[in-house]
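Construct all of the structure, not just a fragment, from the sequences and the given hints.
Read off the chains here:
Protein chains: 2
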Amino acid sequence: MLKELDLGMRMPKEEYGALMEELKPRLAQLQQEIIREKIPVVILFEGLSAAGKGEITNSLIVGFDARGFTVYNTRPPEPSERRLPWLARFAEKMPSRGRMAIFDRAWYSALSVEPLPKEELKQRLREVNRFERQLADDGCLILKYFLYISKKEQRKRLEALERAKSTAWRVTKEDFKNLNRHGEITDFFDSMIEKTNSPYASWNAVAATDKRYVRAAVFSSIAENLEKALAKKREGAPKAAFAPKVDPCFRLLPHTGIGELDLKKSVDEEEYRERLKEYQDKLFKLQNKLYLKKIPVIVAYEGNDAAGKGGNIKRVAEALDARGYAVTPIAAPTPDELQHQYLWRFWRALPRTGHFAIFDRTWYGRVLVERVEGLTSTARVNQAYNEINEFESMLVRWGAVIFKFWLAIDKDEQLRRFEDRQNTPEKQWKITEEDWRNREKWDAYAQAVDDMFRYTNTDFAPWVAVESNCKRYARLKTLETMIETLQNRL
Amino acid sequence: MLKELDLGMRMPKEEYGALMEELKPRLAQLQQEIIREKIPVVILFEGLSAAGKGEITNSLIVGFDARGFTVYNTRPPEPSERRLPWLARFAEKMPSRGRMAIFDRAWYSALSVEPLPKEELKQRLREVNRFERQLADDGCLILKYFLYISKKEQRKRLEALERAKSTAWRVTKEDFKNLNRHGEITDFFDSMIEKTNSPYASWNAVAATDKRYVRAAVFSSIAENLEKALAKKREGAPKAAFAPKVDPCFRLLPHTGIGELDLKKSVDEEEYRERLKEYQDKLFKLQNKLYLKKIPVIVAYEGNDAAGKGGNIKRVAEALDARGYAVTPIAAPTPDELQHQYLWRFWRALPRTGHFAIFDRTWYGRVLVERVEGLTSTARVNQAYNEINEFESMLVRWGAVIFKFWLAIDKDEQLRRFEDRQNTPEKQWKITEEDWRNREKWDAYAQAVDDMFRYTNTDFAPWVAVESNCKRYARLKTLETMIETLQNRL
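Quick note, the sequences are listed as chains S and A, same order. Just so you know, we're using full-length UniProt numbering here: the first sequence kicks off at 1 and counts up by one. Just so you know, we're using full-length UniProt numbering here: the second sequence kicks off at 1 and counts up by one.
Be careful, since some hints might not be right.
The list treats identical chains as interchangeable, and a pair is accepted whether it falls inside one copy or across any two copies.
Once the Cα atoms are required to be at most 27 Å apart in a straight line, the calculated DSSO-like pairs of lysine-lysine come out as [what the hints assert, rightly or not]:
| hint | residue 1 | residue 2 |
| --- | --- | --- |
| 1 | Lys-293 | Lys-232 |
| 2 | Lys-289 | Lys-314 |
| 3 | Lys-282 | Lys-239 |
| 4 | Lys-151 | Lys-441 |
| 5 | Lys-211 | Lys-277 |
| 6 | Lys-427 | Lys-232 |
| 7 | Lys-282 | Lys-13 |
| 8 | Lys-93 | Lys-294 |
| 9 | Lys-152 | Lys-173 |
| 10 | Lys-24 | Lys-38 |
| 11 | Lys-441 | Lys-239 |
| 12 | Lys-93 | Lys-195 |
| 13 | Lys-265 | Lys-156 |
| 14 | Lys-411 | Lys-294 |
| 15 | Lys-289 | Lys-211 |
| 16 | Lys-430 | Lys-471 |
| 17 | Lys-430 | Lys-233 |
| 18 | Lys-233 | Lys-427 |
| 19 | Lys-265 | Lys-228 |
| 20 | Lys-314 | Lys-211 |
| 21 | Lys-293 | Lys-13 |
Think of the hints as simulated: they come from the structure by calculation, not from any bench. In this text the structure is predicted, and so the values were computed from the model without any measurement.
Here you go:
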């Protein structure tokens, strides 16, 4: 792609002037429509040093209402960012609906700035494609521009920057070293572009020799793409039937239907006390070792209402050093969260390496409550299973251990617990009208849970059904499961 | 305070058991009430190494609902945090109303971990007191515990930690070095405690030799303080008359009343074009120098509706490299922002050193729209002027240059612009019903602006009134002001 560019492309001043007179108000107008239609937009500029990424960013935003965009200048990751999955620092910057995020270098810099082992690069490229597809499926417009110049032009610019007192600091030794590897670097980027040039996030390579030409090419392309996105948005999404599609690369394990669980399993008080103490001590010691080995642990709790998630989490948390874990309760999304792709809030709640993140309800809300209550279109629910598998596979590749606990009780037991809550003053806050309404949809939820098992029971992040009619039994089972898996991992 | 502690304090097992049986459910109950009454709570633990800060945190949270608190383990600042005012990384972690933030070390660690020059320490202590008072005035309960042990006890604990394989990594050479300075360190902390022991955030020093005694002392104190805060909250706040109080340490400069401005000042198109280009080039070069010297610049825009803030900001932004500035538009607070002290969202939008932060409307909304529309109690508005001066003085001490521009137009000019907006299709989005309603309160706003000048026109962050009936004149004046001040600074 890069090597075929005609680097001699230039635009005469008059032609440029006339074009801009038309383009600038059009872009300003389009930005307002993007805001109104609530389309999130990512515009990213990659390119060789001195190719003009900063210049194009500056000239682009001049026409935009400052209330509608943010510019990000990507730098090497901070120490705390290095303790997260590599894409996390970009994922958290994704724009809310109607906003633009403009990146002077973005995730592609994390592929090219430091040399990566071949396999790591391959995995990251795959993760980029998945990440971009997920954003696009959520309605985000992704525009990627690569600014390219010849070796001669690059040398000329670097030398000019170096000569001027006010810009000399911008040029590094690295830049000149890379100049000598111009051909090799071109090959690298060509291959990167080819592997990430997808229908949902295609690349635009731009010959960046002439400033006017670059602006004309980039601005026109942005205007066209914004118009296309607006037209598509106004068309609306087609209705779909429930038909989840999971990438066949994920190996799905067989699972026990929740109807087949033996919910009678129980443990008596005395045995419980003894084993609880033993397990908590073990988990505490494991936490120490996990911390030293910098292994992150993610514990995801789902379950029927009143299945005992809170008490179960408490027994796990009690065992842990407070400085090494956080419990994230997942309630209805905030207005800000609703304006983002639904995994956004989970990207932001990931543990650092060596830490535990415990989720009291999780991203599976997408295929449970959001599906059953019709809060999300069936078309998007269909995509969610795969999106979740991709998200979890990314976490596992990063090094995380993931526990997914489904706390199961039967309908009678739930009724008993609801009534108990209703009748005990200090428990009344735990029971709401909504709980009773959900209970009426018991069968629809059961179906959703079975589908969730069917499509997300991957070999790298399998579900563990926890029989919870007896809370004591359930608590010991989650602790035991964690201890066993973590010991194997260490 | 520390030296007077009776380090022999212990609690027998039975007494402890009985106390806890009463305390634990009481604390759990109190947490629920704190959530319901929407009281933000900060609990911070400081103390010598191995004094048991982690242990007390762990045991405290076991009784709490995980959905209501966050534990923070304070570590040395990240590189990006070092490019912000020293308190910023704590300020952004302040709990929303109804939540608890539990700190294993907090801002006090930034006073003691690294040796500070005497004057810097003095200033930081003052900033701590102001910070805590501002939080308390906003309804936040701040509980500070210092855990203290003898040198002998500390040695015993450090040696035990070092012996055990799983905890040896926690003990550093620094810890043993500090052990030998036990007396000196005690003196330091005693002085720190004395200087930050305020009525709104008092210290509790706890003899931490005996685990049971520490828990009993800390838990009882927390329970009592939560009860007091609940009682106070239920009493409600008294009504107040408008009577701002500004700390006499702030030197307030005389100012021109907005009624006395000569709004007829103007510049013709030709002169404007010429000088605009010249000023923008100058500002661009200054940005480079400011970046190299790591000086942060804060540009605060306020003004009458339709005074031309957007266009003015645009002319400043056009001059700047996009990677070095951000424009933050300030609209009505989000639900999350409403749940915090009102300066919280500005703490989070500060520039890094060397960068520009441009605010399209600012923290002055507190004493303008919030005052005029009665969105904030008069008692809190009275405190706001001083709070703002303190906030800005902290920014200046950090090294920031602050510009505060008031863009002034007269009532006739505003009407012309409103009507123009109404009658021009592509400008209609800029005018709302609210603008017309605000216009009816022109005099009340004018009074609020004059009071704002009166109480916040400090010598370190003075207001600049910008006559804006002629937009061209206004744009040149802001640019010229910035250039002059920034040149003087460099």
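Hint check:
no., hint, verdict
1, Lys-293 to Lys-232, "neither (48 Å within a copy, 48 Å between copies)"
2, Lys-289 to Lys-314, "within (21 Å within a copy, 54 Å between copies)"
3, Lys-282 to Lys-239, "neither (51 Å within a copy, 56 Å between copies)"
4, Lys-151 to Lys-441, "neither (66 Å within a copy, 63 Å between copies)"
5, Lys-211 to Lys-277, "between (70 Å within a copy, 19 Å between copies)"
6, Lys-427 to Lys-232, "between (50 Å within a copy, 25 Å between copies)"
7, Lys-282 to Lys-13, "between (74 Å within a copy, 25 Å between copies)"
8, Lys-93 to Lys-294, "both (25 Å within a copy, 24 Å between copies)"
9, Lys-152 to Lys-173, "within (17 Å within a copy, 55 Å between copies)"
10, Lys-24 to Lys-38, "within (21 Å within a copy, 48 Å between copies)"
11, Lys-441 to Lys-239, "within (23 Å within a copy, 49 Å between copies)"
12, Lys-93 to Lys-195, "within (23 Å within a copy, 41 Å between copies)"
13, Lys-265 to Lys-156, "neither (76 Å within a copy, 46 Å between copies)"
14, Lys-411 to Lys-294, "neither (41 Å within a copy, 64 Å between copies)"
15, Lys-289 to Lys-211, "between (56 Å within a copy, 25 Å between copies)"
16, Lys-430 to Lys-471, "within (17 Å within a copy, 58 Å between copies)"
17, Lys-430 to Lys-233, "between (41 Å within a copy, 24 Å between copies)"
18, Lys-233 to Lys-427, "between (46 Å within a copy, 24 Å between copies)"
19, Lys-265 to Lys-228, "neither (58 Å within a copy, 46 Å between copies)"
20, Lys-314 to Lys-211, "between (61 Å within a copy, 22 Å between copies)"
21, Lys-293 to Lys-13, "neither (60 Å within a copy, 37 Å between copies)"
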